[in-house]
Amino acid sequence: DARVTQTPRHKVTEMGQEVTMRCQPILGHNTVFWYRQTMMQGLELLAYFRNRAPLDDSGMPKDRFSAEMPDATLATLKIQPSEPRDSAVYFCASGEIPGTAKFFGPGTRLTVL
Amino acid sequence: RKEVEQDPGPFNVPEGATVAFNCTYSNSASQSFFWYRQDCRKEPKLLMSVYSSGNEDGRFTAQLNRASQYISLLIRDSKLSDSATYLCVVNSMGTDKLIFGTGTRLQVFP
Chain A
29 DARVTQTPRH
39 KVTEMGQEVT
49 MRCQPILGHN
59 TVFWYRQTMM
69 QGLELLAYFR
79 NRAPLDDSGM
89 PKDRFSAEMP
99 DATLATLKIQ
109 PSEPRDSAVY
119 FCASGEIPGT
129 AKFFGPGTRL
139 TVL
Chain B
180 RKEVEQDPGP
190 FNVPEGATVA
200 FNCTYSNSAS
210 QSFFWYRQDC
220 RKEPKLLMSV
230 YSSGNEDGRF
240 TAQLNRASQY
250 ISLLIRDSKL
260 SDSATYLCVV
270 NSMGTDKLIF
280 GTGTRLQVFP
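One line per chain: the protein sequences are A and B, in this order. So for the first sequence, the working numbering puts the first residue at 29; every next one is plus one. So for the second sequence, the working numbering puts the first residue at 180; every next one is plus one.
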C-alpha cells in the first residue's frame, strides 16, 4: 500500500531554532506539495514541485522558509529561524497526473515555543 | 474573498439522516473538483472526485454546477463513522495547485 511518509511526526523547538521536515512521496509520483494547516487559516499551499523543479512557492514566506527536492524520493521544508507563529501541522502530498487527486502524508506537527 | 468557501458547520445529525454540504468557488477556470475527508488530527484523504455529470459512490453523491460555481456533497443514511470534516477542493486549469476550503464539520450522533 503506497503512502507518503513524513518525518518527524512531532517537533517541539524554541524560537530561533532551525527546523527541517522531510517527505518521501509515493514512488513514481512526480509532483510534490507542501501545505500548512492551522485552525485559523485551514490548509494553505506553501510550495510545489514537478519533476523536482519548484513550480510555485508564492505561498511561502521567503525570508525564513525554503523547500527543496534533492532527489525524486525526498522533499524537504526548512524554517530558519523558526517563530511561534510557525506552529502548525505541515503536510506533504504527492500526485502523478496533473489535475488529479493528491495523496497526503500524516503530517509534521510543529510547535515553536 | 476566499477562492473556495464552505459553511464551517458543525452539522449535527442523527444516524440515518441525509445531510448535504455546499461549496462555492470563485475561479471560473477551475477544472478539477474533489471532496476530501479529514478526521481529527489526521491527514486529508480523498473521498471522491466530482465530475460534471455528477457521480455517486455508495451513500455519497457529488454534484457540480459550473454555471453557479458550486459543488455539493450529499450523504445518505449517515453513520457514526461519517463524523469528520469534509473539505471541498478545486484546482485551476493550467496549474496543479489544489485549493482547499476550510472544511465543513459533520457530527453524527446515535
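Since the hints were derived computationally from the structure, they do not count as laboratory data. Be a bit skeptical, because a hint or two may be false.
[To be verified] Computed beta-carbon distance windows for the label pairs:
(1) A/Val-40 <-> B/Ser-232: 43 to 51 angstroms
(2) B/Phe-288 <-> A/Pro-98: 45 to 53 angstroms
(3) A/Pro-89 <-> B/Arg-180: 18 to 26 angstroms
(4) B/Asn-201 <-> A/Pro-126: 24 to 32 angstroms
(5) B/Arg-180 <-> A/Arg-137: 37 to 45 angstroms
(6) A/Gly-87 <-> B/Glu-184: 17 to 25 angstroms
These figures come from a predicted structure and were not determined experimentally. Just so it is clear, CB atoms sit at the ideal spot from N, CA and C, and this is done for glycine as well.
Query raised in the report: Which of the numbered hints are not met once you compare them with the structure shown?
Result: 5
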